[in-house]
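Engineer: Chain by chain, the residues:
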Amino acid sequence: KAGVTQTPRYLIKTRGQQVTLSCSPISGHRSVSWYQQTPGQGLQFLFEYFSETQRNKGNFPGRFSGRQFSNSRSEMNVSTLELGDSALYLCASSLAGGGGTDTQYFGPGTRLTVL
Amino acid sequence: AQSVTQLGSHVSVSEGALVLLRCNYSSSVPPYLFWYVQYPNQGLQLLLKYTTGATLVKGINGFEAEFKKSETSFHLTKPSAHMSDAAEYFCAHRRGGSNYKLTFGKGTLLTVNP
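If you're matching them up, the sequences are chains A and B in order. Take the first sequence: its position 104, counted from the start at 1, is 105 in the numbering used here, and no numbers get skipped. Take the second sequence: its position 104, counted from the start at 1, is 274 in the numbering used here, and no numbers get skipped.
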C-alpha cells in the first residue's frame, strides 16, 4: 500500500500571501489530521477531519483552515501568512474504523518557509 | 489538560549501549501512548503503541516500552544501540475514542557515538 503523500514537499511564500497544502491518505483511511512542527513549539495539533467533517480542532487562529473531500484527501489553507507560520506541516491518516485504537500514519511533511 | 513530558532533550550513547528515553504523561483517563521516530527531513514513523492489554510493548527495530500506570510512565528502551538509531524520538498521548488528537512531548534527540 502506498503511504501518506503530501504535496508540495517544499514551499516558499512571502508575508501576507496564502498557501494551500495537500494530503492524500493511505487507501481506505477515513481520518486525516494535520500538525504543525516548529523548533520552538514542537508538534502541535491543528485539526482532524473524518467523513468530510472537522471533528477536532486545536488552538490555532482562524487563518488556518482545512477541508476533506469525499475521497478522504484533505487540504489545509493558511491565509495572510506570517513569519511565524514557517514550519513543517505534517499530515497523518488513520482508518478510524471504530474502537479508537488504530494508528496514525504520517506523511513526509510540507516544509513552508515564509519570507 | 493532558500533557506529555520527555526528560532530556538530548541523549547520547555509545554504539552497543543501552538506550533509555523517558516519557511521563498526565491524564485523567486511561491513555493511548505512542512512540514515534523522526529522521532528518522526514515525517514521523511509528515505533510502538500501547492501547490496552499487555503493558510491555514491543516495536520495530528492537525497541520496546513498558506502560507503568502507577508511575504514569512509558519509557522507551533498546538493549543495544546502533548507529542507525540516531534520530529524534517523540512520545505521544491520545485520549482514545473518536478523539484522534495526539499530544506530543518536546522530543529527545538521540546521538549514537561509534
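In short, the hints are calculated from the structure, not lab data. Mixed in with the good hints there might be a few duds.
[As the list claims (entries may be wrong)] Far from chain A, some chain B residues (derived; all Cβ distances over 12 Å): (1) Leu177; (2) Gly213; (3) Leu214; (4) Leu216; (5) Leu226; (6) Gly232; (7) Phe233; (8) Glu236; (9) Ser243; (10) Asn283.
[Said to hold, decoys possible] In silico lysine to aspartate or glutamate, EDC-like type, Cα no more than 16 Å apart, as pairs: (11) B/Lys271 / A/Asp103; (12) B/Lys219 / A/Glu76; (13) B/Lys238 / B/Glu258; (14) A/Lys58 / A/Glu83.
Small disclaimer: the values here were computed from a predicted structure and weren't measured. Glycine included, every Cβ here is placed at the ideal spot set by N, Cα and C.
Engineer: Against the earlier hints, flag every one the structure doesn't satisfy and list their numbers going up.
Structural biologist: 2, 3, 4, 12, 13 and 14
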